[in-house]
Structure formats: C-alpha cells, structure tokens
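As given, the protein sequences belong to chains A and B, one line each in that order. Sequential numbering from 199 applies to the first sequence in the working numbering. Sequential numbering from 125 applies to the second sequence in the working numbering.
Just so you know, the hints here were simulated from the structure itself, not pulled from any lab data. A portion of the hints provided could be inaccurate.
To be verified - Quick list of simulated restraints, FRET-style, between CB atoms: (1) B:A128 x A:T321: 19 to 27 Å; (2) B:E289 x A:A310: 55 to 63 Å; (3) A:D263 x B:V356: 56 to 64 Å; (4) A:P334 x B:M334: 23 to 31 Å.
What the hints assert, rightly or not - Computed far set for chain A versus chain B, every beta-carbon distance over 12 Å: (5) L289; (6) T335; (7) K402.
As the list claims (entries may be wrong) - Covered, in the sense of this in silico footprint (three residues per stretch, anywhere, with C-beta under 8 Å from a C-beta of chain B), are these stretches of chain A: (8) 271-277; (9) 294-307.
For every residue, glycine included, the Cβ atom is placed at its ideal position computed from N, Cα and C.
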Amino acid sequence: MIHFENVGMRYGMGSEVLKDISFNLKPGSLHFLTGPSGAGKTSLLKLMYLAHRPSRGKITMFREDMAGAARKDLPKFRRKIGVVFQDFRLLDHLTAVENVALPLWIAGGKGAVIEEHVEELLTWVGLKGRMKARPPTLSGGEKQRVAIARAVIKRPDLLLADEPTGNVDPAIAKRIMHLFVELNKLGTTTVIATHDMGLVEEVKADRLHLSDGILQLIKAGQSLPETTSFDPAEFETTSLDQNEYGPLGYDGEDDQ
Amino acid sequence: MTKAIHFLPDEETHEATRLLPYVMAVMVYLSALALMGSMMLNKGFGDMTESLSNRLTIQITTADAEMRNAQVDEVTALLRKTPGIDYVRKLNDVEIEKLLEPWLGKGNVTDDLPVPAILDVTVSRDLTLNLDAVRGMLAQVSDNIHLDDHQQWLGRFLRLMDMVEYTALGILLLVVLATICIVIFGTKAGMAENREIIAVMHHLGAQDSMIARAYQSRFMKYGLKGGIIGLVLAFITLVSLIYLSRDLAEGLVRIPELPVVEIAVLLVIPFLAALISMLTARYTVLQGLGRMV
Ligand SMILES: Nc1ncnc2c1ncn2[C@@H]1O[C@H](COP(=O)(O)OP(=O)(O)O)[C@@H](O)[C@H]1O
Ligand SMILES: [Mg+2]
Numbered sequence: 199m200i201h202f203e204n205v206g207m208r209y210g211m212g213s214e215v216l217k218d219i220s221f222n223l224k225p226g227s228l229h230f231l232t233g234p235s236g237a238g239k240t241s242l243l244k245l246m247y248l249a250h251r252p253s254r255g256k257i258t259m260f261r262e263d264m265a266g267a268a269r270k271d272l273p274k275f276r277r278k279i280g281v282v283f284q285d286f287r288l289l290d291h292l293t294a295v296e297n298v299a300l301p302l303w304i305a306g307g308k309g310a311v312i313e314e315h316v317e318e319l320l321t322w323v324g325l326k327g328r329m330k331a332r333p334p335t336l337s338g339g340e341k342q343r344v345a346i347a348r349a350v351i352k353r354p355d356l357l358l359a360d361e362p363t364g365n366v367d368p369a370i371a372k373r374i375m376h377l378f379v380e381l382n383k384l385g386t387t388t389v390i391a392t393h394d395m396g397l398v399e400e401v402k403a404d405r406l407h408l409s410d411g412i413l414q415l416i417k418a419g420q421s422l423p424e425t426t427s428f429d430p431a432e433f434e435t436t437s438l439d440q441n442e443y444g445p446l447g448y449d450g451e452d453d454q
Numbered sequence: 125m126t127k128a129i130h131f132l133p134d135e136e137t138h139e140a141t142r143l144l145p146y147v148m149a150v151m152v153y154l155s156a157l158a159l160m161g162s163m164m165l166n167k168g169f170g171d172m173t174e175s176l177s178n179r180l181t182i183q184i185t186t187a188d189a190e191m192r193n194a195q196v197d198e199v200t201a202l203l204r205k206t207p208g209i210d211y212v213r214k215l216n217d218v219e220i221e222k223l224l225e226p227w228l229g230k231g232n233v234t235d236d237l238p239v240p241a242i243l244d245v246t247v248s249r250d251l252t253l254n255l256d257a258v259r260g261m262l263a264q265v266s267d268n269i270h271l272d273d274h275q276q277w278l279g280r281f282l283r284l285m286d287m288v289e290y291t292a293l294g295i296l297l298l299v300v301l302a303t304i305c306i307v308i309f310g311t312k313a314g315m316a317e318n319r320e321i322i323a324v325m326h327h328l329g330a331q332d333s334m335i336a337r338a339y340q341s342r343f344m345k346y347g348l349k350g351g352i353i354g355l356v357l358a359f360i361t362l363v364s365l366i367y368l369s370r371d372l373a374e375g376l377v378r379i380p381e382l383p384v385v386e387i388a389v390l391l392v393i394p395f396l397a398a399l400i401s402m403l404t405a406r407y408t409v410l411q412g413l414g415r416m417v
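If we strip away everything but chain A, and leave its shape as in the complex, we get (with noise of 0.2 Å):
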C-alpha cells in the first residue's frame, strides 16, 4: 500500500527533517506513528497525503510512483486518501453537515445520499446537535469529530490522523479509536499519529518511531528498542488482525 525508500524531505533550503526513511505497510494495517513533538509525524504524513513532495528517495503508493506524479493525476490519489489534519482545516463558512459532506460532493456524490451518510456520521460521533453549526461555534472536542467524520465519510482505501484525539476526552477518545480499527477492519488501511501511549497500548499495533527525523519500527507490544539501525527487509509489517473490540454502531457505509 505505501512503500517509502530512503526518503528525505527537507522544507525549502533547511535542513532534512526526515532522513532515510524506508518502509512498507501493508493494505488493511493499522500502524500509530509516535514520536516527541517536533520528531517529523506531521511531516511524514504530509509525504503520505501528497501535500509535499520528497527531496529525494522513492514512494509508492498505490502501486504507483508518487514522488514523480503528474500535478493531474494527484486528485485521484488524493480522494483515496482521508485525512484529519492536526488543525482541523475545516471551512468556517461551511455548516458542519457540508464540510464533512465535502470528500462526498468532491467526487461527485448526488445530494439527498450524501445528506443521509453525513448525518448518520456526525450522530454517531455525537454532533447530532450541531449539524448546522459552523465551525468557529465548535468547541475543539467537537470540530475535531467533524474532521474526522470528514476524513472517513468516503471510508477511504487510506487513512492518515494526526493527533486525532487531541482535543476529545478519554470516552470521545475511546470512542473514536472504535472507529478508526472498524474502519480499519473493514479494508482501510490506517496510520494515526499520536502521543497518547495510552491509546498506543489499549490497541495492540504496531508502532513507526520517529526521533529526530529518524524511524524505527517496534512491534506491537514492545517498547522502544535500544539500537537505531536495523535491516530494512525486515522492515515488513503485518496487518492489524487482532479484534478485542466487539461491532461499533457505524455501519452506514455497509451499502457500499
């Protein structure tokens, strides 16, 4: 699904904020990208949802070259992709009900479908209350599952989550975790990066490690290995395919 090869990326003239980094995730894994604040997950995960491309190394992703990819060809990649941004970016002018109808009506959806699937969405991650309301009358708890339900409403082949459950208490955290391993179960392969350990340790994936613009990959359930240098061919992981989480109420997209 994504395969990186020695890959650097660097903003403008400055120095490398990721160096050498090469790994491949399966389709359908799950994978926390963890790592000290500053260690380069937003970053990495820009590579991955094509906001940025690398200074040098191969990416594949998709079966297909993404470092050389033709401007045109990058929506067609990109709506495979859901992302929740660490800043949200939703649309303040927008209702909650259209930003995460947006990835929908984007790729063509028809309006009284898109309606139903958004609004049963935004009720099961608790905004049922708020589907009008416009972002800048959002608490950040509550625009941060309207990113997601924005990130998710298409049930994309991808998904990247920055900080996903920053903003949200413990139970809303829980809550949405269900969600991403549903999603995850049912194909997506999903990347979340956090600095929440207790989330990392109540579901058991495998971890890529940033420090410094350096990654390592730690087995699920294992701790931060003391070597820095290991062999990129056993740099495989495998596919999340544990379930400690019975069915979660979300199963609008079961028509699919």
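Fit chain B with the ligands to the known structure of chain A by using the hints.
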C-alpha cells in the same frame, strides 16, 4: 442541504473583490459611450455624405447680372443635354440668402450685394460622369464658372470620421485590456484570500477545474452585474445628451438620429463583459494553481 456546496465564502465577506462589479460598470460605461458615439456619428454623418456624393454645385460669379443670367441659361441647357446628369436647378434668391445668412447675418443680404448664381446638379447613380469633360465645357462658356464636386471636402470629412472611429476603437481596446487586468488582480486577490480553502479542497481531491469553475462563475456574475449597470448608465447619459443638445443646438447643427438597431446591438455588451471576465478568471486560476505543489 443544497445540491452544490459553495466552498468559496460569499461575496459580502470577500473584501478584495466586492468592489469589482462597480469597476466593471465603469469600464462598460466607457466602452458603451465610445461605441454609441462612434455609431451615431457614423449613422448621422453617413446619411449626410451619402446625400452629397451625387451632387455637384456650380457657381457663376459673373458680376454683370444680365450676362450672368444668360450664362445660367446656357449652362443649364448644356448640362441637361449631357448624359449622366439627371437634374439641374437654379437656387432661387431665398435659398441663396439662407445659405449666406450664417456668414452675413439675417437681413444683411441686400440687392446690391454681388451674389453668384448657384446651380444644384444631381448626377445619375448609374452612369459615370466625366467631370473633366464637364469642366472643359463650362470653361468654354466663361472663366467665371466654378464646379465643386464636394470631393475635397467630403474626403477630409470622411478622414475625420475615420479618425473619430479609430479613436473610439482604441478606447474600447484599452478598456477591454484594463478590464482583463482588473479581473486578473481580482482573481488573484480572491485566491490569496481563500488560499487555505483551496489547499483543503485539493487535499480532499478537488481538481483545479473545480476550483476554476467556482471562480469563473463568480466573476461571470460580476461581469454581468457591472455590465448591466454600466450599460444602463450609458443609455441614460446618451438619451439626456441628445435631449439637451436638441434644445441647445436647434438650427446650428443637425443632431444625428439615434440609430435604434445599432444601439440595440449594444445590449450584448454585458454578456461580453461577463464572458471576458469569466474566461480571464478561469485562465488566471488555472495558471495560478498550476504553480502549486
Ligand atoms: N512548514 C514548515 N516549514 C519549515 N519547517 C517546518 C515546517 N513544518 C514543520 N517544520 C519543522 O519540521 C520539523 C518536524 O515538524 P513536524 O513534522 O510538525 O513534527 P511533529 O508533527 O512530529 O511535531 C520541526 O523541526 C519543525 O520545526
Ligand atoms: Mg505534528
């Protein structure tokens, strides 16, 4: 939920482009006036030159009245026999007095003033008249006979009309160019203002053409709105000018008629403004986005 999501904020919140329709109105106003002016001159003076183009004027300046009258008769007879001449008529005293009045003032044309005899000659449109032959013929009668075919005057007048027309076209061209520049500015300002929205739309998988469509339809509306305002103002200006000048210029110059059909053609101006505005915005957006990552 409406079918289309308006992902660009309303015009009202759009500081950069809110004034654009009014600038467009000024542009359309100027170009409509330039066009109307040139059309009216063209139509009005076109009729005038048309009526002069098959006329000759012959002046007989012989001082002695008896001799002059004899020459008038002779020339009239000669001309009536000449093929290519339809009609010859001597202007009577009242008509001549009227012609001289603007120069001499009313009542100053007295009997003892040596006034030339004037023949008004209508040339056939079907036959071409050899003017040199006619001049030769007249010269044999007397040296005091002068033929004026108005060509020199007409030529100069037509050149002046051409100049006026080119000036109007030049103004039009400049106004169109200025309009395009303003739309480019407006579009760029609008894009800068909505930079974040455009970035998010891209991340959600929107194509450049989708973003361009939002801008082009917005700028099409600006063009249409401005175009209608500008054209209405131009019509009001034109009608008041004609109305006022009819009173002021009574008897001095003939105010050309309002050429209704041609003026009606001006109704397409708002649509042209909308089209120019739309295409410019589309091109500007696609150009601008092409330079993004
Ligand atoms: N737009 C940017 N321009 C320049 N430097 C940036 C930009 N965004 C992030 N950085 C730098 O890149 C490094 C990694 O940042 P980031 O990817 O946001 O880390 P994290 O998400 O793990 O906190 C930091 O040193 C940060 O200062
Ligand atoms: Mg970050």
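Tested hints:
1. Checked against the hint of 19 to 27 Å, the pair B:A128 and A:T321 passes, with Cβ atoms roughly 24 Å apart.
2. For the pair B:E289 and A:A310, the beta carbons lie near 58 Å from each other, so the given range of 55 to 63 Å is met.
3. Taking 56 to 64 Å as the suggested C-beta distance range, the pair A:D263 and B:V356 conforms, at roughly 57 Å.
4. A hinted range of 23 to 31 Å for the beta carbons of A:P334 and B:M334 is consistent with their spacing of about 25 Å.
5. Consistency note on A:L289: stated as away from chain B, yet its beta-carbon is not over 12 Å from all of that chain's, at 6 Å minimum.
6. At the 12 Å boundary, the C-beta of A:T335 stays outside the reach of chain B, the nearest C-beta of that chain being 16 Å off.
7. For A:K402, the requirement that its beta carbon stay farther than 12 Å from each beta carbon of chain B is met, with the minimum near 30 Å.
8. For a cut-off of 8 Å, the count of residues in the stretch 271-277 of chain A with a CB near a CB of chain B stands at 5, and the three-residue condition holds.
9. Remark: the stretch 294-307 of chain A is confirmed as covered by chain B, as 8 of its residues place a Cβ nearer than 8 Å to a Cβ of that chain, reaching the required three.
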